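Residue numbers (our numbering), protein chains in the order written: chain A, 9 to 538; chain B, 595 to 908.
Think of the hints as simulated: they come from the structure by calculation, not from any bench. Keep in mind it's a predicted model, so treat the numbers as computed, not measured. Where a beta carbon is used, it is the ideal one built from N, C-alpha and C, also for glycine. Don't take each hint at face value.
As the list claims (entries may be wrong) - Derived DEER-like restraints, expressed as beta-carbon distance ranges:
id : chain 1 : residue 1 : chain 2 : residue 2 : range
1  : A       : 210       : B       : 599       : 45 to 53 angstroms
2  : B       : 871       : A       : 268       : 53 to 61 angstroms
3  : A       : 472       : B       : 761       : 16 to 24 angstroms
4  : A       : 285       : B       : 600       : 49 to 57 angstroms
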Amino acid sequence: MEPLRPSDAHDSAPVREIEQPTLGLAGWGRFFWRQLTSMRTALVLLLLMALASVPGSIVPQRSSNPNGVIQFRRDDPELFAILDGLQLFDTFGSAWFSAIYLLLFISLIGCIIPRTTHHLKALRQQPPAIPKRMERLEHYRSFEVPGDREELRNRAQKLLKKNGYRLRVSEQGVSGERGYMRETANLVFHFSLIGILAGLGFGTGFKYEGQRVIVEGQTFTNQLTSYDNFNPGRFFTEDSLEPYAISLNRFEPTYEFDVGTGRANPLDFEAFVTVTSDAGQFQEVIKVNDPLDIDGTSVYLLGNGFAPWISVYDPEGRPVFSQPIAFLPQDSNLTSLGIVKIPDGLSKQLGLLGFFYPTAIELDSGALTSIFPDPDAPVMTFNVFEGDLGLDEGVPRNVYALDTDSLTQITGGDTGENSLVMGLGDRVELPSGLGYVEFTALPRFVSVDIHRDPTQLPVGLSSVFIMVGLVVGLFVTRRRTWIRLIPGDTDVVTVEFAALARGDDPGLGAALDRMVADFSQEDKSKMETS
Amino acid sequence: MIDSAALALIGVYSAMLVYTVAFLFFTFDLAKRSAKTSVATQSRVLVGSGGLNREQEPPVNAPASQASGFQRIAMTLLVLAYVFHLLATVAQGIAGSRVPWANMFEFGLTSTMLAVSVFLGSLFWRDLRYLGAMVSGFVLLSLGVVTVNFYVPVVPLPPALQSSWLVIHVFVASLATAFVALAAALSVFQLLRARFEANSIAKAGLMNTLPSSSALESMAYRLNVVGFVFWSFTLIAGAIWAERAWGRYWGWDTKEVWTFIIWVLFAGYIHARATRGWRGSRSAWLAIIGFGAVIFNYTVVNLFFTGLHSYSGL
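Required output: the full structure, derived from the provided sequences and hints.
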């Protein structure tokens, strides 16, 4: 039985257009369904999907490049409003992209469900009977051999069986069909595509991902308040956070100085951690490309930098602030930018805008720069601002940004006061006797992403089936072969071979020749032995 | 002693020199064929293009008998250039003590080398020597661009690339590129040949020496199907690696978007080949557009789009 194809598959019989005076509701429904599940529609939808993806690579996307979106809005607010109205910053979640892929999947389902039931039937049916006029088929061979018809029929059966054919034996000869796996694999491939979509649909709600900066010596415990940033799926509940803790013992980067380019090439990043969970306490190393898998979540090492320990003292030398501050790296030599906010303890609120240079050198202009990412000559500079930090209104503020609108700069820039400059362990005095700042210690920090992604298993499994279905479906050939045995007047039997391709099969003629040769070979060897 | 990186460059330049001469001889061969319109070739055409839809066996090996002296010289030179190319690739690998496909120059070097490998390998399957001019010309051009514009000194692998997936994912991607490149060359000839068949331009001597458009289409299809399988694998392997390295298997990064677009285009091509009215020239155009997207993905996306695949070193 033929694999069922949409009516516009290249090997289906052309459908004659039927003049219908009026179409009822059901008629229109059938018409649209037929249109939607046709090959042409699927093809157009596929090409549309390719085309619709293009803006997702040109316009920055909220999902993959949120900073790019913010930048775009700042640079061109008018164009931003237009493009945002078209959902171009969320291309792959947009209404129009969703419409295309949903239609494509409906079309796909409408195509493969009938094909599956049809194929299941075909799998139970016998190959078609020998056609009356075999010689009309594209691949046809005929020859005469001496021998008994029964014996030749056995030989024909054996031959087809050996070539993987399913058989139907009749009075006239043998029919065979092979390559049912092709359609099976084809269906597996397309069902697996649905599997991916379904896996995403059901799993995404249970996902969560969070980011956290951990400084050497600090411990992260897996609870909602520990995260710097957290994106839960729709069905996330707080008790689905597995109870574990990760302590960062130390972070070790390895760099190599390239004499030729003068650049430092990173060779390795290793975070040595102690993990405490229900299973006990153990030492682990997290690396790029080698996340830590724990209790169904994965902990990825995605960033690192320095978190200089800053202490601030009042004029009497009493400590009012002492903690490590994560500085954000600005270049490959880890020139880093950090913000220290001192709301209490001094006579005024202070904001410190700091630059940190791990291996500092002074340029001709007098400016500092870092020439290597390891702290060989660490230098810290601070521009000091005083005034209102805006922390008292209860509005959440970005810890990595200093809003200078209601602050007055008192060192650096045009103030006439030099910026504070200090090496590791130095303590310098703030202007107007406000107090002292100390660069106490220099721990490093890592930023980790913690993900739980229940879509991985279904999507991964579907991908495996996609590959298997693809390879089998594209390389197994579906063929029919018939062998007719016509007894002559004497001991000679006329043998007819004919083969029919189902789909692209340029090797069919050669395969038929091989089978004919195989069939006759047995004759020759028998004649030689007798 | 000269170091391996310098040796690799010497190899590349030597290969380019010999590819240039090979390209010239391949074009001499094509020119000679264009000039020739013998009775013998015309009668062959009648068989070849007579029954477009229902041929006996596609006369895929028709031009074999016509291997001219030019073509033989060109093939010998191509093999010589390939040896230089291969040595250059190996030397580049030794220079970095790793696989030679970790930046744009190296990827270009390796994938063009694989394209010639696939071309030479395909000759055991079918006689595709008439593609020689396109293959040598394309490889020459690509080598020129990657060496002049994309060359960077060898540096150690950054931590993000230190993974066995670099070996698998990128190698299979270059292999897929090699297959669809060869198929695109066949599709170009298919389109030319189809026009020739439609108009029966008696003077088009070159076209007479080519297989029928449907035979060209069938060969292009088989190469594209292999390319598509490799591309699917590239996409899946890339996703697995992305999960390990970036914490998610799919994030619509610009490179991911274009890998997806290419996959969808070739899926469309395979469907087009099974859709009435889309076989033949239309599907050939799709295959060529698909290959164009592969080149776009390698050049424009790498150089001008912001994304995570920024390993060109430029």
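Hints broken by the structure, by number, lowest first?
none
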